[in-house]
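Undergrad: Assembling the complex is the task here: the two chains are given apart, and the hints tell you how they should meet.
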Amino acid sequence: MATKKKSTPKSDAALDRKLLHDMLLQRRFEERAAEAYALGKIGGFCHLYIGQEAVSAGTQSALRPDDYVITTYRDHGQALVRGIAPRAVMAELFGRVDGCVHGKGGSMHMFDRNVNFLGGHGIVGAHVPLATGVGFAIKYRGGDQVCVCYMGESVVNTGAFHEALNMAGLWKLPVVYVIENNRYGMGTAVERASAITDLFKRAEAYNIVGAEVDGQDVLAVRETMTEAVDRARTEQVPTLLEVRTFRYVGHSMSDAASGTYRSKAELEESEKRDPIVLFRRHLQEIGALTDAEYQKLDDELRAAVQDAWDFADQSPEPPLETLFEDVLVETPSDAMAGV
Amino acid sequence: MPVITYRDALHDALREEMQRDDRVFLMGEEVAEYNGAYKVSKGLLAEFGEMRVVDTPITELGFAGLGVGAAMVGLRPIIEFMTWNFALLALDQVVNSAAKTLYMSGGQYNVPIVFRGPNGAALQLSAQHSQSWESWLAHIPGLKVVTPGTPYDAKGLLKSAIRDDNPVCFLEGEMLYNTKGEVPDEEYLVPIGKADLKREGDACSIITNGKMVLTAMQAADQLARDGIHVDVVDLRTVRPMDVEAIARSVQKTNRAVVLEEGWEIAGIGAQVVDYIQRDCFDWLDAPVVRVHQADVPMPYAKNLERAAKPDVPKTIAAVRKVMYLD
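One line per chain: the protein sequences are A and B, in this order. Going by the numbering used here, the letters in the first sequence line up with residues 1 to 339, in that order. Going by the numbering used here, the letters in the second sequence line up with residues 1 to 326, in that order.
Looking at chain B on its own, in the form it has when it is part of the complex (with noise of 0.2 Å):
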């Protein structure tokens, strides 16, 4: 199977679809002769045009409600944002137009629009370009909130939310965007909403999304040359998010590790946790124990970014605490 990078699966996944589709445009800052920030939209421009690969101003308020209106009379946006961090600016549009539409207009309108970017921290940008958002949009009925972690799910999932009928906002890692793995030449889609077992394991659950997937399986790693084999679930989607695949590999492992890579208070996993105490509460043998970024905003240095960063090491000591080996 050929092996590509993160960011040419989310590539060859928009060129796909407009190819497919051609009420599919994409439009955000510097996506057509830029080539893209990140280069994820590598020659779309020369290949569908200006009309359908649309360089905007900064004003991401302004083409994030553009997307919804064009949404609401049958076109299919793809609002690129160069960070989700600059999204905050469009939250209004995200959470009170596309959300709310459909209810409000009685399911009159819907709304087929993805809001996609990076999202979450790279290295050493700081506290205002170092923030990750799931549990924010994972609050709002109305919306879908996928997370894909891997090139594989980085394609699959981004087709599967340009086919979708309603809003989705779709985060991926810019630390994510060099990392390769395998993708068939053929066609597939990943579905909304299903979580994948990256890895079986039998003493503990580690269950994650997004950027920390690949933190996951490298603790997994670690751990295994220490005879600990774990769980990765990787729920790909936190919002609708697959519950039977929680309890499934909790009650299996009877422990387990909530790792994300935002902040502790009503995080992502802080609603996993919920799942499993309602789901599991007779099969657990310890508490569950979360591993996330430390409640403050992102420093710079290096030493104190890497302090306040979810990563291996934690993720290694939080397995070994509900296991009560240390």
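Excised from the complex, chain A in its bound form (with noise of 0.2 Å):
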């Protein structure tokens, strides 16, 4: 049932131009935001996902637009992939009104319907349920959509995993779910959580298909994702696909990146496979790539996190009116007007 996929280079510039953008976008924005917390300007919990963007670039570049994206409280990275703009993340990030649920979610709950992405969920593995239900939902009215459902490592050993996966695999629902394996769930190695390592193999359990990737390398990320969507697609057949990486920072701004849970040397031999540096030789060494290419890319970056950063702090505080807004909807009243 398992698969495992090396990168086999392919040239499609176009491609290959979308990847590095998106990593480096993620990578910029996470580091203003690490500097915006320690300004103050961002509260409460902020995880960042500095390390792992090839898993969202190369995961969510075999996607639809129609497809669905639900993820955990990790969840800036793949916001901006899917197409949330930089402004509308930070703005939230800072609690203010054009943030992309408007102060009301911040770090942990980025929505937006207009690319489906179902949010960033704050209970560790009891979104993995509801990418079952949205699986169910597309499988109900007969379309052809995936949903693909995000996940760390620690997810794997609560109930609602479990329970969530037996389901996919019993009726055929059309759901990736994607292990972002960092390796630790906040300060706890892999190995002291689950009672097996290789975690794709628990797809065996559930009868459906189990594959691993390395997750520094985003060509192969995509190519296994798109596999596993196409899969999902046209034969209904979930897949639970680990892919193995690192975050380069602590669990969240709260903790540091080494020392405590793990070493110096384990975080420094990890950065050697950073997946931006990685992919940009890949790219140079087939020719895609200059240096001052790759620095143009990299001021445009840098200058649309700094518009996101000042659209963010111009943005006013949501009105205390607000307050009581979307606790409940109303119901249109021709719905309760009888048959």
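Derived from the structure by calculation, the hints contain no laboratory data. Keep in mind that this is a model prediction, so the values were computed, not measured. Don't be surprised by glycine CBs; every beta carbon is placed ideally from N, CA and C. No incorrect hints appear here.
Away from chain B, derived, C-beta distances all over 10 Å, residues of chain A:
no., residue
1, Ala-13
2, Arg-183
3, Gly-185
4, Ala-189
5, Ala-195
6, Lys-201
7, Ala-205
8, Arg-262
9, Ser-263
10, Leu-278
11, Arg-281
12, Gln-284
13, Ala-288
With the Cβ distance kept under 10 Å, some of the chain B side facing chain A (calculated, not the full set):
no., residue
14, Phe-25
15, Met-27
16, Pro-57
17, Leu-66
18, Gly-74
19, Leu-75
20, Pro-77
21, Gln-108
22, Arg-163
Below, a sample of chain B positions facing chain A; criterion: calculated Cβ distance under 7 Å:
no., residue
23, Gly-65
24, Val-68
25, Ala-70
TA: Structure, rendered in structure tokens:
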């Protein structure tokens, strides 16, 4: 049931450019988010995506606009790649009215109906059944969309994960479950939390396909994900895809990148496989990218993130009257008007 | 007017709403081939097929969450819990996913879902199968909580709940399924959030909901034989609560007994008493008295169970107490 792919370089200039853009945008965005957090412009919990950029960029490049994406509280990167504007994400982090959920959700709860981005969810594992439900709805309507559900590797130990994947396998629902295995659930290493560490092998228990891929190799991620998405779309076969990656920062802004639960040496070793560095090197080796082109892209993205910061800084706080808005939605009176 | 059971009233509501709207589906344990643990869904599989009447594994957290996800993208799930006791396993999905997604998403994703099933104690099922959860659920902004006590209300409220664009927790009474009442043939809805004055009197107000409506009505009958005529205010919905109906009755009778099936601490009755002290302070002739389950897990032995449950004699004693008759 398991498949494993190595990167097979193909020359597609537009795609290469998009993947590089999406990864670098996330990196530059998250660096500034960390800065804003330190300055007190962002409050609460703030979980950064630095190091994992190839996962979101590679997997989402295999999706159609009408597919669905749902993820965890480490959601800035997924939101940006899915197409929520950096301004709207940064304004949300700043708790401002122009944020993508108007200051109601913050770092952990990005949503955007326009791009079928079903959230940013804060309880570990709880969004996995929701993804199964989206898959159920797709099948119910006879559509050919796919739902992609991202999760950290600690999610596989929750009951919600088991219950949700069992039903997806039982009913053949078009969902791709992507484990972003960054090796640490907060500060607990995967081998201290899961009885098996090849997490994709859990797919066997649900009669779905298991696959693993190197999460620092964006082309390999894309290729493996494309197969999984096709399988869901055309055969309604769910996949549990384990993407092995690394976060170069702490679990949230409240813990150091190394020193407590992982060593500096381990962190430095992983940084040698920085997904952006690897992809840039690959593109240069095949003659698809010059230093000047890279620099130009980087300058543009730094400017875009600065623009997002300025926009967020100037956006007003949400009006106080919005405090009581959106607790319940008004049911249209014609729905209650009889048959 | 036809007289049917509470069970058939619920069944008819499900069937009519599934005929009306093909986005509506029913999911839960034993709802399809078994025709429902309490036969509420009898015949629905044959009529609507396996995509719309779905048997699940025993996996409350999973299928409650599945329902929320399906609702977010446009379906209208009815999630049946075999009993609300088992819904505790799913409470994270009810509270953290269903109730909060509209707010967290800045108004972008509403969750039109009904969670339904029997609530409260039946007979001699002991501690883990005999619990009333309405006060837990009513605590949560973003939920509506409905507790019908009669067949008429059960049908009209379930149809409203299914059409509501918000998550609705619909708490039925296991001991009510066989009770009968008048239910019209023609279509009707009972609005969520409106209490019903089930009986009129002037001596005292009994404010109650759900299964205890029956108890209150029986107590009122007995009290009437002694010339004591009471209002019975059936809240029907405990969130939102019809505060005006409570005030109207208590300002008329000047005395109140609050009767609920669940425990005392932070119960529904505590909230009702708060509304009374806010809105009726100057009208009260006596402190409000509450009737509720004893503050213990439900025991098995018949005599202990009887002692633990709110009932007609306890309700009558409470009315006599607020009237200073004993």
